[in-house]
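Q: Required output: the full structure, derived from the provided sequences and hints.
If you're matching positions, the sequence shown starts at 1 in full-length UniProt numbering and goes up one per residue.
It is possible that part of the hints are untrue.
Said to hold, decoys possible - Derived SDA-like pairs (lysine to any residue); straight-line CA-CA distance at most 25 angstroms:
id	residue 1	residue 2
1	LYS175	ARG38
2	LYS175	PRO125
3	LYS175	SER158
4	LYS175	PRO79
5	LYS175	VAL84
6	LYS175	ARG124
7	LYS175	LEU14
8	LYS175	GLU42
9	LYS175	ILE157
10	LYS175	HIS95
11	LYS175	ILE83
12	LYS175	GLY163
13	LYS175	GLY141
14	LYS175	ASP12
15	LYS175	ARG46
16	LYS175	TRP137
17	LYS175	ALA147
18	LYS175	VAL215
Just so you know, these hints were derived from the structure itself, not from any lab.
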Amino acid sequence: MTDKAFAQADPDWLALISAARDWLSGPLGQFLLDEERRMLEEELGRFFGGYLVHYGPSAQNPPVAPQVQRNVRLGAPLPGVEIVCEEQAWPLSEHAADVVVLQHGLDFCLSPHGLLREAASSVRPGGHLLIVGINPWSTWGLRHVFAHDALRQARCISPSRVGDWLNLLGFALEKRRFGCYRPPLASQAWQARLAGWERKAGQWQLAGGGFYLLVARKIAVGLRPVRQVRREPMGKLVPLPMAKVNRRNSEP
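A: And the structure:
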């Protein structure tokens, strides 16, 4: 059924997602994801609600929000994905999710604006959108320029530009964090030697980390263009009733 539904999917998009997944499954990709997991788990621990939606090419089980009732993975027809959809055709009702996480989704996509609009429309007012991306102003961003693997295909959009896009979509940027200051070296011995620098740079939150994490809260429904005709949806997400409202996070 999945193969039939995606028979007309853009082959370039499927190839890009598959290549990104392979790279993230390698030693450098796993190292980067491990550093991101610690930061994401810390941030997600403070959210609650009915649904968290995760979109990204990684094959790893993504970090979850323990106080959110349902954590689901959405994306291309690959192992581990629970709701299959295309990049710009999420089968979710508007304002369905309390939290949406784009983990390297913008790095590996055909249309970052289109993907970000889909993610933004899925967040309820007062909900949060978390974006993880490769920092172009880092050693990881430099490696992207000279890479001969799937990292070369990453967009590496700067956090300041993504922040501007979020503002136009009606989001307020609450937090910007950086992590993974150690360079993309496969040698575990060198990574161990640089562990001290990682701790210090992380405490100082220097802007040269290999990845960035943006945490934004939806304060208004942003302007959105007319949607393109969707292909047949593969699932539906219905918001759960909320027993309690946190006014601090819900009010503009």
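Q: Now tell me, hint by hint, if it's right for this structure.
A: Quick rundown of the hints versus the structure:
no.: 1; hint: LYS175 x ARG38; verdict: 16 angstroms, holds
no.: 2; hint: LYS175 x PRO125; verdict: 18 angstroms, holds
no.: 3; hint: LYS175 x SER158; verdict: 15 angstroms, holds
no.: 4; hint: LYS175 x PRO79; verdict: 32 angstroms, violated
no.: 5; hint: LYS175 x VAL84; verdict: 30 angstroms, violated
no.: 6; hint: LYS175 x ARG124; verdict: 19 angstroms, holds
no.: 7; hint: LYS175 x LEU14; verdict: 32 angstroms, violated
no.: 8; hint: LYS175 x GLU42; verdict: 13 angstroms, holds
no.: 9; hint: LYS175 x ILE157; verdict: 17 angstroms, holds
no.: 10; hint: LYS175 x HIS95; verdict: 22 angstroms, holds
no.: 11; hint: LYS175 x ILE83; verdict: 29 angstroms, violated
no.: 12; hint: LYS175 x GLY163; verdict: 10 angstroms, holds
no.: 13; hint: LYS175 x GLY141; verdict: 21 angstroms, holds
no.: 14; hint: LYS175 x ASP12; verdict: 33 angstroms, violated
no.: 15; hint: LYS175 x ARG46; verdict: 13 angstroms, holds
no.: 16; hint: LYS175 x TRP137; verdict: 18 angstroms, holds
no.: 17; hint: LYS175 x ALA147; verdict: 30 angstroms, violated
no.: 18; hint: LYS175 x VAL215; verdict: 5 angstroms, holds
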